[in-house]
Amino acid sequence: MALAIRFALFGCTNRPFFHIVVMEKRRAQRSGKIKEMIGSYDPMPNQDNQKLVAVDFQKLQKWLGFGAVPTKHVAELLGLGGFYPIHPMSYIKAKRKRTLMEKQVADMQAKEETQETAAIQVNEDTQPDSTEDASQ
Amino acid sequence: MAASMKCAWARCLSTILLNSTKHRCQISQPLYASCSNISGDSGEGGTDQTRQEAGPADDTKKHRRDPGKAFTDVRVQKILLRLTGLDLDKVYEYRAAKGAGVAKVALMSDQQLKKVYESASYKALRKLQMPPVLGAREPIDEVLSEDPELEGLNTSKLVFIDISQRVPLKKRTIVVREPNGTLRKASWEERDVTLQKYFPQSGRKIGLPRMFQQDNLECMLDDGKHEYILNRACSQFEIDDPEYIRVTQRTYEHIDGNGKFEDLRSTRHFGPMIFYFTYYKKIDKLLVAFLEEESLEDSLDLVKLYHIVHPSCKSAEKVASMPDATPLEIIRAFAEMDATQKSLVQQAIQTYEKECDSTGSTQLRR
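Chains A and B are the protein sequences, given in the same order. Residue 1 is where the first sequence starts when you use the numbering used here, and the numbers rise one by one after that. Residue 1001 is where the second sequence starts when you use the numbering used here, and the numbers rise one by one after that.
FYI, nobody ran anything at the bench for these hints, they're computed from the structure. Think of the CB as a built atom: it goes at the ideal place given N, C-alpha and C, for glycine as much as any other residue. Incorrect hints may have been included.
[Unchecked claim] Sample of chain B residues facing chain A (criterion: CB under 8 Å; computed from the structure):
no., residue
1, Lys1098
2, Gly1101
3, Ser1145
4, Asp1147
5, Lys1157
6, Asp1162
7, Ile1163
8, Asn1180
With the rest of the complex left out, here is chain B (with noise of 0.2 Å):
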């Protein structure tokens, strides 16, 4: 009873959330507006000629479009709020943590029930709030000043911090003065550490954990630790840091390896990990496996996805011409025309046809 219960409130909280005004997606603007480094390029799609084809290790380069423009469309956050679902199971599941309380147990009617239920999903749309997806920021370049009669004067540099009140942490001033004279301001790698000494934020380490070092990581992400990386990559970087950006990509890389995809679901990772994979289109075994397990609707939202991120493409443009496909036609057109592995995609829609016919349905299912 409890959870048909759970499981019908989440559904509907969902719903009236994706509607409601009060939950538009927005989360990840004021995050966006601020980054400065975010290059003026246009519109949400852009064309498939001008953006270049790039594995985790490409993302660094300067000409790399931003995908945080995409990301913060309004129709990109509903899919993604969609597929992520909302499961109060692991949302809540119990964490060792500081701070982990004891469970309460409570006797309630069915109207408190209901009530508690409601706040619960609600807070838990907190935790399911997506680390935005950026590209790398620009290196900071920038001398204030050229003094060649310093030189001698100090062996080591000075590092000098603004510790004012109540000033933005993208914004304190960090500068360096050389021991060749040349007075610059700090790059991003400096800034991130002296902010840390100065202004601690939990969760941070000062350097580079030797948990995100390649050989270590390879080590966890064998070990099945996915979601606790990437929860520990978004407390330790900067999301636009390029470091996290290898870390998140290279452990997106590994779940499309092996298939997980179900690991993330209904965590605050498992939007930004669509996204990446719609964004660099490599969607194919991903498909593949919400076809396997059935949904359809998820298929179909994974596709519109696909669409709304490069408009340009070629099963965009068939299926703005045929305006009653349905959802079958729309990814088999996918399938036909954009997959990178046709064959496999095809060869999972076929297998789902067959499993409709056999249980005699073909209405979506979730």
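Bound conformation, chain A alone (with noise of 0.2 Å):
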């Protein structure tokens, strides 16, 4: 007996869409057993590159008073929304991107630079020896 407020996906095959739901924690989203519908957050950017996160607070708030409890990533995503603290989840999870996105970019880097290695190297053994066509 965990009430939670989590997502629900619906949505269909790459294109997924999150209801915010109260509903018990271990049930099946599509169960149909939802106690009530507060929100939504599409994953998908949108041509204005925004993803909409629509959430009714009052709603929210009335049943984090019965005792429901958002999971992790509601909570993260309520976080960004300025409802809650940010979680440390999102903090940990932009370091991880960052540092991937640097170490990619040192790679792409070492790739070109020894890439220009190889070129000149390659001209330079391409290029005829002068002695040689000389004595001939």
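Got two chains here, separate frames each, mind docking them using the hints?
Here it is as structure tokens:
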């Protein structure tokens, strides 16, 4: 008997869409036993590069009062929205992505450098040796 | 018989409403009060030195004085209502639209007909409610929190909207979390688009309709579709939206250029148009048009409106010093001292006087 504020995944193949709902934590999300729907989250960015999140904050506060507990990911989202403090996982994920990006950038640069040096060497090899031609 | 009865009822009703307490001009007040960007300027007049001469393009500047205070003045509203008039035929003109039904034909006694005209006239006044003329809204620039450590988490913005019930649209919280970690309030443009997605209003499109792009707007204006443009602008934009101000002011300027003021007579846009010209001191062509129609009452109303909106102008001071001035004297004073196209206005006054002399009537004519 764990009342949760969680995502319920709807949408279709290659097109996720989450409803933010109040329901039992361990229930299947499409079982139809949603207590109340209090919002939505669209994880796919739109034409203006926005991800839209709608939350009925009055209902959210009401269910929190009844003892509902947001799941990790809902808590993260609400943290980003300013309702909760920012979730530690948000900082951790951000840090991980930044290091990954930096590593990728460094790898790309290293790759470019090796390609450049390889190209210079190939040029040197294919240029004819002047002494050999003169002797023949 | 029917036409004269209609005219008589319209005039009768206008005077009743102008004098009645039920129809105090408070249509714009609640809307005006809810606009939190109105600057705290004093009074409805203000000095000429503090105001800057501006065309339509300059109106979005921050230091622009707010016309809303002048527009919601009761005296201004009364004059605008009087000038707009009430032409039942025009107000109830057939428009091809959703829900436009077939006209009903009924056999009635004279008394029943009177009652129907009365109720139709009251309903028509609702259709003639003027969209307020306000200054452009100040941009929203509030940052709620800076979190540079969230950089890299998202490559797109996260837009949060509060969909709680029974919250007025203007008060709904909409915030944006940028990819660099900043949490800020959504700008006006973002607000309009997001609110339209979650709380759609009929007649509004998300984003700017192509009709309001500059080139297309010019085409429509040349086709003479002023009323349509203004109606659509009213349904598409908020009245303090810079886009709404741009579209409406361009339309008014086009009307002024072509002298087609009567197109908007007895519509809800006539009042705002008159007010625009008065506020920005461009009433010369309008005054000439009224004089050419030989409606001295309208011309006098226009000059009086000018004196209310700009109480420190030279002709206002002169008229204040001559309490027994006739309407023509007041208009002449304005033409001498405050008209930007002096010769045009003075010529129109002369023509009007000649016409009056020839017809032998110097009484006020509507």
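Structure-based check of each hint:
The criterion of a C-beta within 8 Å of any C-beta in chain A is not met by Lys1098 (chain B), whose closest approach is roughly 29 Å, and the hint is violated. A least Cβ separation of about 37 Å between Gly1101 (chain B) and chain A goes past the 8 Å threshold, and the interface hint is therefore violated. The closest approach between the C-beta of Ser1145 (chain B) and any C-beta of chain A is roughly 7 Å, which is under the 8 Å cut-off, so the hint is satisfied. The beta carbon of Asp1147 (chain B) comes within 6 Å of a beta carbon in chain A, closer than 8 Å, and the hint placing it at the interface holds.
The interface hint given for Lys1157 (chain B) is met, as the beta carbon of that residue sits about 5 Å from the closest beta carbon of chain A, less than 8 Å. Contact between Asp1162 (chain B) and chain A, as hinted, is supported at the beta carbon level, the nearest pair being about 5 Å apart and thus within 8 Å. With its C-beta approaching chain A no nearer than about 5 Å, Ile1163 (chain B) sits inside the 8 Å limit, and its interface hint holds. At a threshold of 8 Å, the smallest CB-CB gap from Asn1180 (chain B) to chain A is about 11 Å, leaving the interface hint violated.
The earlier numbered hints that this structure contradicts are 1, 2 and 8.
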